[in-house]
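S.K.: Here's the letter readout for the chains.
4 protein chains.
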Amino acid sequence: MVVTARPSYSRVKTAMKALQEREDVELQVVVAASALLERYGSAVDIIRADGFPIAATVLNVLEGEDPRSMAKTTGLGVIEMATVLDAIRPEVVVSIADRFETMATAVAASYMNLPLCHIQGGEVTGSIDEKVRHAVTKLADLHLVSHDRARERVVRMGENPQSVYVTGCPSIDLAAEVLAEGHKARNFRHRYRGVGTEQELDNGYLIVLQHPVTNEYEASFQQVTETLHAVRDFGVPALWFWPNVDAGSDGTSKGIRVFRENEAPSNIQFYKNMEPEDFLHLLRNSIGILGNSSVAIREGSFLGVPAIDVGSRQSGRDRGSNVRSVGYDRTAISQALREWLPSCPRSPDFLYGDGKAGPRIAELLATLPLRSEKCLAY
Amino acid sequence: MVVTARPSYSRVKTAMKALQEREDVELQVVVAASALLERYGSAVDIIRADGFPIAATVLNVLEGEDPRSMAKTTGLGVIEMATVLDAIRPEVVVSIADRFETMATAVAASYMNLPLCHIQGGEVTGSIDEKVRHAVTKLADLHLVSHDRARERVVRMGENPQSVYVTGCPSIDLAAEVLAEGHKARNFRHRYRGVGTEQELDNGYLIVLQHPVTNEYEASFQQVTETLHAVRDFGVPALWFWPNVDAGSDGTSKGIRVFRENEAPSNIQFYKNMEPEDFLHLLRNSIGILGNSSVAIREGSFLGVPAIDVGSRQSGRDRGSNVRSVGYDRTAISQALREWLPSCPRSPDFLYGDGKAGPRIAELLATLPLRSEKCLAY
Amino acid sequence: MVVTARPSYSRVKTAMKALQEREDVELQVVVAASALLERYGSAVDIIRADGFPIAATVLNVLEGEDPRSMAKTTGLGVIEMATVLDAIRPEVVVSIADRFETMATAVAASYMNLPLCHIQGGEVTGSIDEKVRHAVTKLADLHLVSHDRARERVVRMGENPQSVYVTGCPSIDLAAEVLAEGHKARNFRHRYRGVGTEQELDNGYLIVLQHPVTNEYEASFQQVTETLHAVRDFGVPALWFWPNVDAGSDGTSKGIRVFRENEAPSNIQFYKNMEPEDFLHLLRNSIGILGNSSVAIREGSFLGVPAIDVGSRQSGRDRGSNVRSVGYDRTAISQALREWLPSCPRSPDFLYGDGKAGPRIAELLATLPLRSEKCLAY
Amino acid sequence: MVVTARPSYSRVKTAMKALQEREDVELQVVVAASALLERYGSAVDIIRADGFPIAATVLNVLEGEDPRSMAKTTGLGVIEMATVLDAIRPEVVVSIADRFETMATAVAASYMNLPLCHIQGGEVTGSIDEKVRHAVTKLADLHLVSHDRARERVVRMGENPQSVYVTGCPSIDLAAEVLAEGHKARNFRHRYRGVGTEQELDNGYLIVLQHPVTNEYEASFQQVTETLHAVRDFGVPALWFWPNVDAGSDGTSKGIRVFRENEAPSNIQFYKNMEPEDFLHLLRNSIGILGNSSVAIREGSFLGVPAIDVGSRQSGRDRGSNVRSVGYDRTAISQALREWLPSCPRSPDFLYGDGKAGPRIAELLATLPLRSEKCLAY
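Residue numbers (our numbering), protein chains in the order written: chain L, 85 to 462; chain V, 85 to 462; chain U, 85 to 462; chain P, 85 to 462.
Careful, some of the hints might be misleading.
In the BS3-like style, the derived pairs of lysine-lysine whose C-alpha atoms are separated by at most 25 angstroms in a straight line are [unchecked claim]:
id, chain 1, residue 1, chain 2, residue 2
1, V, K356, P, K338
2, L, K356, L, K338
3, V, K338, P, K338
For the chain L half of the interface with chain P, some residues (derived, Cβ under 10 angstroms), not all of them [claimed, not checked]:
id, residue
4, T141
5, V142
6, A166
7, T167
8, D170
9, A171
10, L448
11, L452
No wet-lab data here; the hints were simulated from the structure.
Model, not experiment: these values are computed from the prediction.
For each residue, glycine too, the CB sits at the ideal point set by N, CA and C.
Work out the full structure, taking the sequences as your base and the hints as a guide.
M.R.: Rendered as structure tokens:
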């Protein structure tokens, strides 16, 4: 099980827990890439605190501001992951979604003849993630997907139908737990160090998460600036979360820093990282989520939280009725904030799962026969 | 255009020539991996002698005898290729077939947002190549395939039908030239330094090419030994070509060396490398080809040369009527040598192309609009 | 000529200029490591703006917060530098001082049999730099040192006395130019984007530069916090410059960020980078410099600027009469600020050179015979 | 304890044994580089068979035939060694002699703040080894040297005299054991697979070991050819051992292969590897040793075996009375074989140790306080 970033961990936590509880499985967690870096919020500490033993850490993120550093980060990831996989010799390697560490893990596992299980294949988004996700599907031997349309796509790509299982997305499991706990007050904000003006949340607040879009990294600065203006102008208290590491993240980060210096927005507080449960509680109780994170579309649909999706990063992703899309434009974003948040129906949508993906994934990994060789099914 | 090994060069030489002749295209050749290594026959020298300018060389092959070295070679290839692509900034990156350098090139180009053209996608073989070929398809933006069935598979994998072109395989172009020259005598053997007993070729001879099968590398030694016994017992003069670099190549190489020391086979001469044209002339005039090289299936079918395919390396590959398959077993191989070579019909089969793929590829690369972003077509 | 960081560039700029002006020398500049990174102030842009052609850029800085990332950064630097040196094939490789990129360059050049010239060998400081500087001396073929004591040390280490030249340190050349320009007003501050309260400089100001000390990286946070308190308490306007990339730089950076958030110091303005001449003007006109940068000891002595050296980073470095040392302690730092700055004599000291090192270095590189083989001299 | 090649293992085996026998020390063996490669004789198997537990293996040798591959191998070695050292966290890292893996280990340990012990520093040879050995000395914290002259050099290089100990070279310990066993017959040759004509050893035989000289790698082919002719012409049975991996080893290997094919020398048998004890027995009973291996000078002097040293590889190395030097010239080599072997006195010389270095090294490593920081001693 390779965990490479904050959102990756969030997505598989219930599966990891279900695996750890089984006596017939030994779980080995490898933590890589931005999950190790303090400036992106050290997911590694959260993982350890959650009681998961960490078999190895992989340091592979090259500093830089251009696509070359993404390619080299992936290459170094392959080299390092080969060392780790050779040392721990897992029976199956589990890799998640579509990040560049996912690609590195998949390549290393494939050449080392280790069975590869891919979680969250068959979905459609935009950007480089699109290429990576499907390439990983073609390297994987077992596919645990979120929904029927994803399964259909994986099978049409030539994968053996008997190797593709709809489990739902494990990230929804956490959302289901949070939903089950209800609206109960959680006094957790003191645990996190936000920067900027402290916000009062009792009368409604907005969540913002905007990642750089990698094929447009030079535009990241401008894109985030549009969103910042719209959020400031909206006036409602906002909790803004820092982006992941990616080519262009410096553009996004810089946009945020410059805006803070120049505009000192009084209704925005910035956070680096948060335990997934706490984040989902915040999301569940918010008046809506803005940006381009997939959490708005995935967990957001399950929780029935109004979402405004900015730009191309999620274009094409299967979505429920809670999502409205806008371009990188402060006027359009402002309008959507004013109009969509109050009008969106807050009913749950089970598109990405029913909240029981974790145990299903654990059961499949524990009981399926695993092999690394495969053929196209047609 | 990235050339990474002897057979890769052979497969794209006519396309390279057609590109170089165009005034609207600047060809930049990157030579990587085993194409640089003397012990696998320095393809780089042949490429230079053929008049192609070499923009960069990439040294990325790690010594070793296990799958870990293949993974690390791929990872280092990504790192190095990112440096090269950043320096030469091509408008399109062309990568061929399914070797691990193909994968490295594809990953680097994808993360660097460079349009990627993949030649020979959509085919079906066995082994790790299978995973790599289709993963590269999912990273590529333009697909130039050998035949209709390959096109059909690429499209079913979700690639935009308008990005997939049947050009035929450019390796067939060379075979077509050789066929056009007819049976004329070529006194080229003095140019190559074979080892072992000099063979008299006038009364019929066999070609042998057996690569290690990477997921079975420990068995390489045994597998090649079976073939060696069968060839020795067959008694007919045989020209044996050394395998490519791959995990397990040391197993295969060692099998050959040990057999030579112990058995001193008088009817086998060993060669390291040969210019593609010379090899195809030899193949054209041989009584048949034995081993697990794709050349037996591809060029062999066009030339109508009887082929005996050993083991799993080519299983699943689309094949013509010249091929018979056997297992890793000296008795079965001996029987096939005795029975199939005389009975196989020597008629050409245009399955892999009509000999005009090179100019077609050049025309498409020169005239198509190229972009690096794509979506699944469904 | 390999330039790897902001201070490295500052140190060799006049030598680069003198080399570029010669007709018998072709200067090729390779920019590596933190010199490329925006968050450390992109020296690469300054170098380009100064009219130097950049032959290649090397991206090798791994993100991370521990010594492992420094080691891997060095290893990746060797790999990448080998590619660059192979491509540009210089007659001599010039490497500066003692950073980890210096080590990477030296190792790559040595194994590639390229003559290596080391600038600023033979000096004594503390920390890992100490090991690296002398190891590079043992890899180098030509040594251009700052002063007689450095020359003496290099010769005692077994280097051939005829390969060691006292040129003075080229960083002093810039200081000499600045000194020659005198106190003339320069309205350059608008060119740099400082953060924090704008400071009025007319009535005296302090310069602060504090780098993490790599063998004590966990303590970086605490160390910088002591200095921050002392500077805030001192009350005099202060211009604070961000540290270089290094293991622990995140500790130092975080210390600064946390202090700013919590204490909002009204007398400190923070800068990322500055053209060397502008910085030296600022330094020349300041009431003193605080921290652990070598600029305080080197350029500071030539300019006669009072310097307070904090902690172990510069311990052992040859120093003039302008320097007073203190520990990581806000009380001691405060006392030194109050007592040493007014009492220190502001007379220049030519310990590190007379301001003509650049042309001397250029002349030696252009005229000396260069070879890569050497023996111990005894 | 990092073991990177066949001769490195031989040199430290008794120290490893003495360490393993101590209860106050936990020995962790890291096997790297050519020690893992079958075509250089897998030292790793011998090490395992000798009962040493292997903590990690490091695969870092890049294929290639030029200095670039040596540099990249070193860089990759640093990256990989950082992973290993981070995983096993030794109290002290022991590195041996002057190979490129020695450099990689030293750089990784230094940046990771791990105390570094260097064995065999302070000696003088020729070639790139010279630079590497002394650079490693400057990175090391503890120096265990072979003899007084080596100690003197290390101290003059500025190392603290209290960190430099004369232990003798542990390679001599094995020679001492062999000498103690006397001339007793050992029927060990059946254990090794030589190639070429089986030699009868009862009436005197020659040992040959010739490595490529890395700064002259293009000449390797020619150099080894001269030696091959001289040995063939000498007529006495000769046991020839293959060279280590190095830039140019393909030149040397090819020289040997070509000579064998063309000349089929009847008095030479070729070996790949041999357990050190067996080799020393062979050496002890031979009429002399030819080539450029340090074993001729080191163990050879202790055993009193006549040695003919070819070329520049060992130039400058401290040597006893058993050595005569010649150039790369078949006539000169032939003359030396005829004249020096019978006339050289066969008396032992304790220049490189008294045979008790292993326990001395173990005692020092177990009892000395170890730290990674240091300063020049003057």
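S.K.: Check the structure against each numbered hint from earlier and tell me which ones fail, lowest number first.
M.R.: Result: hints 10, 11 break, sorted rising.
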